[in-house]
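Model the placement of chain R on the given structure of chain W, informed by the hints.
Order-wise, the sequence lines are chains W and R.
In terms of our numbering, the first sequence has 22 at position 22, counting the first letter as 1, and numbering is strictly consecutive.
In terms of our numbering, the second sequence has 230 at position 230, counting the first letter as 1, and numbering is strictly consecutive.
Any given hint might turn out to be false.
[Claimed, not checked] Straight-line alpha carbon distances no greater than 27 Å define the calculated BS3-like cross-link-like pairs of lysine-lysine that follow: (1) Lys-10(R) <-> Lys-138(W); (2) Lys-9(W) <-> Lys-75(W); (3) Lys-11(R) <-> Lys-138(W); (4) Lys-10(R) <-> Lys-129(W); (5) Lys-129(W) <-> Lys-11(R); (6) Lys-129(W) <-> Lys-150(W).
Rather than coming from a laboratory, the hints here were simulated on the basis of the structure.
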Amino acid sequence: MEEYVIETKGLTVYYGRHRGIVDLNLQVQRGEVYGFLGPNGAGKTTTQRVLLDVIRPTRGSATMFGMDCQQEGVKIREHVSYLPGELSLYPNMSGRDFLRMMSTLRGNGAERAYRQELYERLALDPSRKMREYSRGNKQKVGLVMAFMHKPDLLILDEPTSGLDPLVQQTVLDLVRETKADGRTVFFSSHILSEVQEVCDRVGIIREGRLVKTERVETLTKQQFKRLRLNLAQTPSVDAFAFDGVMETARDGNEVNLEVRQNLNAVMETAVSYGIIDMEMPPVTLEEIFLAYYGGNGNA
Amino acid sequence: MLNLLWIELKKRGTAVVGWGVGIGAYLALIMAMSPQLAPQFANIDLASIPIYQAFGMNEDFSFATIAGLIAVYVSFVGLTIAIYAVLTGASALVGEEEDGTLEITLSLPMPRWQIVLTKAIAIAISLLVVLLIAFLGYLTVFSGVEADLNGDITLSELFQSTIESWPLAFLFAMFTMFMGAYLPRRAHALTMGLTLLIGGYLFNNLAEQAGPLKDFRLYLPFYYNVGGRVLTDGLDWGKMATLTIAGLVFLFLAVLSFQRRDVTVGQWPWARLRGKSQ
Chain W
1 MEEYVIETKG
11 LTVYYGRHRG
21 IVDLNLQVQR
31 GEVYGFLGPN
41 GAGKTTTQRV
51 LLDVIRPTRG
61 SATMFGMDCQ
71 QEGVKIREHV
81 SYLPGELSLY
91 PNMSGRDFLR
101 MMSTLRGNGA
111 ERAYRQELYE
121 RLALDPSRKM
131 REYSRGNKQK
141 VGLVMAFMHK
151 PDLLILDEPT
161 SGLDPLVQQT
171 VLDLVRETKA
181 DGRTVFFSSH
191 ILSEVQEVCD
201 RVGIIREGRL
211 VKTERVETLT
221 KQQFKRLRLN
231 LAQTPSVDAF
241 AFDGVMETAR
251 DGNEVNLEVR
261 QNLNAVMETA
271 VSYGIIDMEM
281 PPVTLEEIFL
291 AYYGGNGNA
Chain R
1 MLNLLWIELK
11 KRGTAVVGWG
21 VGIGAYLALI
31 MAMSPQLAPQ
41 FANIDLASIP
51 IYQAFGMNED
61 FSFATIAGLI
71 AVYVSFVGLT
81 IAIYAVLTGA
91 SALVGEEEDG
101 TLEITLSLPM
111 PRWQIVLTKA
121 IAIAISLLVV
131 LLIAFLGYLT
141 VFSGVEADLN
151 GDITLSELFQ
161 STIESWPLAF
171 LFAMFTMFMG
181 AYLPRRAHAL
191 TMGLTLLIGG
201 YLFNNLAEQA
211 GPLKDFRLYL
221 PFYYNVGGRV
231 LTDGLDWGKM
241 ATLTIAGLVF
251 LFLAVLSFQR
261 RDVTVGQWPW
271 ARLRGKSQ
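If we strip away everything but chain W, and leave its shape as in the complex, we get (with noise of 0.2 Å):
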């Protein structure tokens, strides 16, 4: 039994001189739901296509379900199904003629009744003809052909990209339900909070490089806590300066902090002013992302 549905070691591709995607090491998890999140040009798309054998690596390896991506791509397929970021359908066909399309190709036939219930859920009206779709009705049949065959492991390149909010949350109940038949869903995005909503890891890709992989919750709640004090006395200026520590506003006796360091000497601090009222507010995966991209990567 292989450990990893997802495992890439080293994987590195240069397209000509320019850089795809750089030893990058990768492990999902049977069952989960792993983010993959990066901002446009980070490698994402690269290491997906190479997955799928679509583009081969200049070196490294990288193995689905224990099989090697390149030698048992076929079989690995069997098992997989892909919506691509950027995705191309045919001008002329209708959707329902596409799904079928794409239905008898894999050989293993959708269940009709759930590809009705897809259409119902996504609001899809198959039987008009690719060309006349909106660009959210047609990520509407990528989602179709993506879910309707039940695969071990989903791959989502931006899977909620042109739809409108309630579509959105049905997508992500639908990668909720993934999870919970005890499928894999490789879910790659730059929309933050649906990556926070649904994901129980998430990879951070920058540059080609893996930069931080971590639980959702983990990563959320180890970077950096957000305190908002109210104190009965109003602190000195330099009350909160210490290492890794610091003060974001200030408003009378309401004093907000980043804390990452000396939370001990924060909190002996705040109770020396007496402590009228403090919050926690969260961390959002958006901010951690920001750290991560808006310095030198280490947030």
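Below, chain R alone, put in the same frame as chain W:
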């Protein structure tokens, strides 16, 4: 594989009917007009005019008889279907890659060689169907002129002269598909295919008139396309087999190239090698 073949054929359906009807209607028109046109050419030696020579007309062709006139225009079927072959060959791999649909096909559990082979079979069948539709097109007016032909052209000969263009078209389609599997963009594949087609056609016809260049014709596809001469000389199975085998060689090269291709990247082959050395 059969599922993909059926889908590939369906995708080409409209174009196949369009080209078949177009070629058929054009020849039907020529055939219908030939009893009136042929006498007008009786005293004009068109075959001695260089521009006509460039289009393969020589003393073997006579514009002055109905049979001769039909033979001349049947010769153009090969050229016309070869143009369709180049277009469809260029759209098969690199064309779908540029359209973005190939990435979806590659995500399916099918080996790459099977995808190339299926597309090649679909192209081969569609070329045959274009020719059959074209034949049916001018068959509709054949009975009208049959009496004027005095047996110089029979229906069977007309059918053979039409089908004879298939190996030539197959070769051009496979050559262009190979170029599409090897070169980065559809425009490059199309340029290579059209260069071989137009350049080869003109060079073959001009070389026929110029003694020293005659031997080079052996390396050009149109040398092996008998065209309208089928009506007088019959099918040349050897030449047809040569073209078909050459087409299969290009198909083999297309499979090899596509196996190694980084799809969606659109790189020149040497850029791929440069990437490997990083």
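Verification of the supplied hints:
{"no.": "1", "hint": "Lys-10(R) <-> Lys-138(W)", "verdict": "holds (21 Å)"}
{"no.": "2", "hint": "Lys-9(W) <-> Lys-75(W)", "verdict": "holds (20 Å)"}
{"no.": "3", "hint": "Lys-11(R) <-> Lys-138(W)", "verdict": "holds (19 Å)"}
{"no.": "4", "hint": "Lys-10(R) <-> Lys-129(W)", "verdict": "holds (16 Å)"}
{"no.": "5", "hint": "Lys-129(W) <-> Lys-11(R)", "verdict": "holds (14 Å)"}
{"no.": "6", "hint": "Lys-129(W) <-> Lys-150(W)", "verdict": "holds (25 Å)"}
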